[in-house]
Amino acid sequence: MFKAVLLDISGVLAEDGEALPGAVEAVARLQASGMALRFLTNTSRRTSAAVGEELQRLGFPVEPAQVFTAPGAIRRYLERHRLFPYLLIHEKLEPEFADLPRGEPNAVVLGDAEQRLDYAHLDEAFRLLLEGAPLLAVGTNRYFRQAGTLHLDAGPFVRALEYAAGVEARVLGKPAGDFFRAVLEEAGVAPGEALMVGDDVECDVAAAMAVGLQACLVRSGKYRPGDEAQAPEARCEASLADLVEALLATR
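Counting from 0, one number per residue, gives the positions in the sequence shown under numbering that gives the first Met the number 0.
In short, the hints are calculated from the structure, not lab data. If a hint is listed, it holds; no wrong ones were tucked in.
Just the calculated beta-carbon pair ranges, DEER-fashion:
hint, residue 1, residue 2, range
1, Q145, R218, 14 to 22 angstroms
2, E244, F96, 39 to 47 angstroms
3, E123, G21, 39 to 47 angstroms
C-beta atoms are modelled at their ideal positions from N, C-alpha and C, and glycine is treated no differently.
Construct all of the structure, not just a fragment, from the sequences and the given hints.
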């Protein structure tokens with residue numbers, strides 16, 4: 000049996016501001032089982048605190064310390080390396096970085112900035128990268144699902160800046176191995192003792208397996224028929240509720 004379960008949030012627990020069927024009960028059962036739970040997300044439209052508050056509002060029994068976000072990982076990196084960021088981020092994420100020391104930007108932080116991903120902002124980021132600033136990205140997700148429709152995520156814009164400036168982004172959220180390893184270290188478990196559950200076969204499932212975790216792809220959220228073929232060694236379940244029922248039945 001696993002000692003820890005890592006849960007992607009969007010598409011696994013909730014979608015469009017509503018809990019997915021059976022997800023709240025499934026998380027409660029996992030919490031009661033004694034396994035360590037951690038909630039992971041690359042979302043860059045909400046602060047870490049807002050993510051935790053939203054989960055609690057939906058009825059999930061979540062403690063703030065259990066939530067790990069890509070923007071939170073970027074903030075810790077900026078603090079550790081004493082960098083001053085040029086923030087190409089969504090306006091709702093600004094509070095995550097509001098109290099950082101200010102200075103002439105020497106790092107570019109790129110997230111899902113929505114309407115700010117225009118020529119002027121991207122060109123300013125390009126200029127800084129040419130001057131040697133590192134490119135720090137929340138993730139390389141190609142798209143996300145909202146209101147039943149797929150939308151561009153930050154990944155395509157990360158690739159565009161990498162190509163234009165001839166640089167390689169440091170990805171600090173999923174699918175970066177360091178992101179998963181940091182979560183496991185905090186939880187005090189080895190990779191082989193943990194299960195990652197996600198709806199993104201590339202950034203959740205395959206990425207977790209690459210650093211030694213076991214993984215389960217759920218057929219909800221951004222899942223598309225045939226995704227399981229990209230990670231044939233991963234488990235696949237219709238929903239988190241179905242996975243939890245199967246896991247706890249074997250105890």
